[in-house]
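Each protein sequence line maps, in turn, to chains L and P. If you're matching positions, the first sequence starts at 2 in the numbering used here and goes up one per residue. If you're matching positions, the second sequence starts at 421 in the numbering used here and goes up one per residue.
Some clues are possibly wrong.
From the structure, some residues in chain L lie toward chain P, with a derived Cβ separation under 10 Å [claimed, not checked]:
no.	residue
1	I56
2	A60
3	A141
4	Y203
5	V207
6	N277
Within a straight-line C-alpha distance of at most 25 Å, the following computed DSS-like cross-link-like pairs (lysine-lysine) qualify [as the list claims (entries may be wrong)]:
no.	chain 1	residue 1	chain 2	residue 2
7	L	K15	P	K657
8	P	K484	P	K495
9	P	K676	P	K666
10	L	K15	P	K484
11	P	K513	P	K666
12	P	K676	P	K510
Negatives, chain L to chain P, calculated, CB over 10 Å [as the list claims (entries may be wrong)]:
no.	residue
13	P46
14	S62
15	T93
16	A129
Hints were generated in silico from the structure; no laboratory data involved. Computed from a predicted structure; not experimentally measured. We treat Cβ as the ideally placed atom computed from N, Cα and C, and that holds for glycine.
For reference, the chains in residue letters:
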Amino acid sequence: MLKNRIFKRIYTNKTSLCGLVLVSFFLLLALFAPWIAPAENPNHPYQMPQASYTITPQAPSAQHWFGTTEQQYDLFYGVVWGARLAFVVGMTVTFFAFLIGLLVGGIAAYFGGKVDEVLMRLTDVVFAVPSLVLAMVIAAMLGPDVKHMMIALTAVAWPSYARLIRGDILSVKRRDYVTAARTLGARGGRILLRHILPNSIYPSVVVASLDIGYIVLTASSLSFLGLGAQPGTADWGQLISMARNWVLGTAQNPFAYWYTVAAPGGAIFLFVLGWNLLGDAFRDILDPRQV
Amino acid sequence: MLRYIIRRLLLLPLVMVGVTFLLFLLTQRLSPEMRASLYVKDARQMGALEEVIEEYGLRDPVLKQYGRWLGGVLKGDLGYSPSANMPVAKAIKEYLPATIQLAVITMLLVVFFGVWFGASSAVHKDKWQDILARFISVGGFSLPIFVLGLLLLMVFYGKLGWFAPGGYSFQTDLVVHGHSFHTYTGFLLIDALLNGNLRVFLDVLSHLVLPAVTLCIGSFALMVRVMRSSMLEELNKEYVRAARAKGLSEWVVVYKHAGKNAIIPVITLASIQFIRLLGGTVIVETIFDYPGIGRFGVLAAQQLDIAGILGFSLMVAALFVLGNLLSDILYTAVDPRIRLE
Chain L
2 MLKNRIFKRI
12 YTNKTSLCGL
22 VLVSFFLLLA
32 LFAPWIAPAE
42 NPNHPYQMPQ
52 ASYTITPQAP
62 SAQHWFGTTE
72 QQYDLFYGVV
82 WGARLAFVVG
92 MTVTFFAFLI
102 GLLVGGIAAY
112 FGGKVDEVLM
122 RLTDVVFAVP
132 SLVLAMVIAA
142 MLGPDVKHMM
152 IALTAVAWPS
162 YARLIRGDIL
172 SVKRRDYVTA
182 ARTLGARGGR
192 ILLRHILPNS
202 IYPSVVVASL
212 DIGYIVLTAS
222 SLSFLGLGAQ
232 PGTADWGQLI
242 SMARNWVLGT
252 AQNPFAYWYT
262 VAAPGGAIFL
272 FVLGWNLLGD
282 AFRDILDPRQ
292 V
Chain P
421 MLRYIIRRLL
431 LLPLVMVGVT
441 FLLFLLTQRL
451 SPEMRASLYV
461 KDARQMGALE
471 EVIEEYGLRD
481 PVLKQYGRWL
491 GGVLKGDLGY
501 SPSANMPVAK
511 AIKEYLPATI
521 QLAVITMLLV
531 VFFGVWFGAS
541 SAVHKDKWQD
551 ILARFISVGG
561 FSLPIFVLGL
571 LLLMVFYGKL
581 GWFAPGGYSF
591 QTDLVVHGHS
601 FHTYTGFLLI
611 DALLNGNLRV
621 FLDVLSHLVL
631 PAVTLCIGSF
641 ALMVRVMRSS
651 MLEELNKEYV
661 RAARAKGLSE
671 WVVVYKHAGK
681 NAIIPVITLA
691 SIQFIRLLGG
701 TVIVETIFDY
711 PGIGRFGVLA
721 AQQLDIAGIL
731 GFSLMVAALF
741 VLGNLLSDIL
751 YTAVDPRIRL
761 E
């Protein structure tokens with residue numbers, strides 16, 4: 002069974018177990034964020050509290066475990082709630098991009114001909130620009146906001162799913178059991194929903210869910226460029242862009258403000274690493290050449 | 421083959437019009453007043469906003485406005501970019517060579533070190549070289565380039581003071597824009613050599629080190645991975661055993677026989693990665709304040725410089741489509757079993 006194979010592979014392989022542990026850790030952090038770092042204003046928990054308006058970052062202390070970054074935003078708070086935001090952004094974008102991809106890919110594959118041609122040329126257009134560049138331009142036009150950032154990311158992510166699903170459906174469409182259902186007199190809608198989709202969608206769902214790490218990486222790149230979340234949001238990319246002014250430290254100590262990069266940078270690195278390790282394991286399992 | 425190339429080339433105008441038209445639709449979200457205010461430098465001129473809207477027809481229907489922009493593009497006029505303070509066409513001409521220079525240097529690093537690390541990882545399977553290479557290939561793939569860039573800046577500029585950010589030093593700026601320096605190609609590295617000015621060459625090269633190292637990390641990780649598995653596959657083949665049985669030295673077997681075959685997938689991967697690097701230049705050029713096309717795009721996006729954004733997207737789309745076509749052709753050239761349809 003596939004399920005048993007997945008668990009066996011993950012438990013027997015040290016690196017994939019590592020990935021599972023990392024992703025689970027961030028998931029727990031995200032779920033329990035309100036208890037780990039209680040929000041001052043529960044209505045806007047993603048707005049980071051400011052201890053004061055002093056510009057210079059402060060080193061880690063008993064009060065601020067990871068220190069504070071520019072303008073006294075608490076880094077511990079930002080990292081914890083940033084994990085929650087990462088999951089929200091990653092899952093929302095993947096979900097909607099997959100839904101659009103499913104619709105477009107399904108329609109293209111099912112109807113074929115002119116419809117297919119038009120829809121696939123549309124994916125070509127989106128594919129023709131590097132996704133970060135296109136997302137950056139769209140996000141800039143919409144203005145800095147987490148919602149806008151998610152729209153921009155969805156707009157660049159759906160075409161790859163549309164192509165993937167279209168290809169899968171086309172290959173399933175030619176199978177014998179579909180022909181059998183058709184000769185038995187099943188209607189088009191029934192064939193699509195009951196026979197084709199369940200058999201073609203499964204691998205794509207796995208691929209899409211493993212893209213969360215990549216989506217979060219692109220999202221934090223946007224925030225780093227100042228085109229993602231609005232200022233003051235608990236967002237890893239934004240915390241790093243705040244650290245930009247302090248990487249050179251002081252004349253006496255070049256590493257004086259190391260923690261402004263270390264805390265959010267470490268968080269993003271470990272988050273993406275976790276998803277990549279997990280992704281490698283799944284790709285191996287889904288690859289039929291592997292035994 | 422020829423039909424495939426022609427079809428892909430026909431796709432080029434479609435893609436360029438498609439991308440810019442979709443973006444153009446988005447710009448209509450901004451009110452005509454907002455779009456006009458981009459061209460107003462002085463707050464005292466705000467009264468003239470209405471005249472600007474009239475003059476540029478910012479209230480016309482979208483298609484008419486887009487048609488006007490497209491007409492300009494066909495004549496080589498991409499509009500004026502307030503964020504770069506120059507016409508968009510001039511900005512692209514000035515910044516693009518710097519970015520290509522950066523991408524080429526990065527690619528050389530990626531291929532050289534990727535092949536080296538990947539091959540030695542395969543030859544010393546499960547030894548420390550292999551563990552190090554595998555560690556790099558997983559870690560490098562997950563390390564965001566903006567984090568790596570800041571760390572490198574911290575160590576090599578903040579602490580050691582070896583490599584400064586920017587495209588070149590102030591002294592070089594004076595030389596390059598002076599009368600005795602001839603601009604032949606626009607590529608500073610090549611121009612410096614043609615002018616016989618070694619100091620400019622070394623200065624420009626030293627400013628390329630940190631951005632190139634930062635930019636190469638993702639592709640490098642991928643390259644190590646591909647080279648390693650390709651080399652492992654070749655080392656297990658019959659001809660390698662035959663070569664060993666003949667009594668050839670291990671070095672000749674590994675590098676002259678297996679290595680030559682193992683490098684094929686790496687070359688094709690490199691041509692694809694070269695295009696992918698363009699996306700990363702946006703971040704790297706911003707971190708290191710490197711005067712390339714990526715930084716131009718980011719500044720235009722940050723300041724909602726619409727002409728700049730459209731011109732930048734148009735150029736990136738064109739580069740991307742042409743680059744992908746080129747890598748497809750290269751693919752068939754290296755491996756004749758692949759047929760393009």
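The hints, checked one at a time:
| no. | hint | result |
| --- | --- | --- |
| 1 | I56 | violated (18 Å) |
| 2 | A60 | violated (16 Å) |
| 3 | A141 | holds (4 Å) |
| 4 | Y203 | violated (26 Å) |
| 5 | V207 | violated (19 Å) |
| 6 | N277 | holds (5 Å) |
| 7 | L/K15 x P/K657 | violated (29 Å) |
| 8 | P/K484 x P/K495 | holds (17 Å) |
| 9 | P/K676 x P/K666 | holds (14 Å) |
| 10 | L/K15 x P/K484 | violated (61 Å) |
| 11 | P/K513 x P/K666 | violated (57 Å) |
| 12 | P/K676 x P/K510 | violated (48 Å) |
| 13 | P46 | holds (24 Å) |
| 14 | S62 | holds (22 Å) |
| 15 | T93 | holds (20 Å) |
| 16 | A129 | violated (4 Å) |
Of the numbered hints stated above, those contradicted by the structure are hints 1, 2, 4, 5, 7, 10, 11, 12, 16, listed in ascending order.
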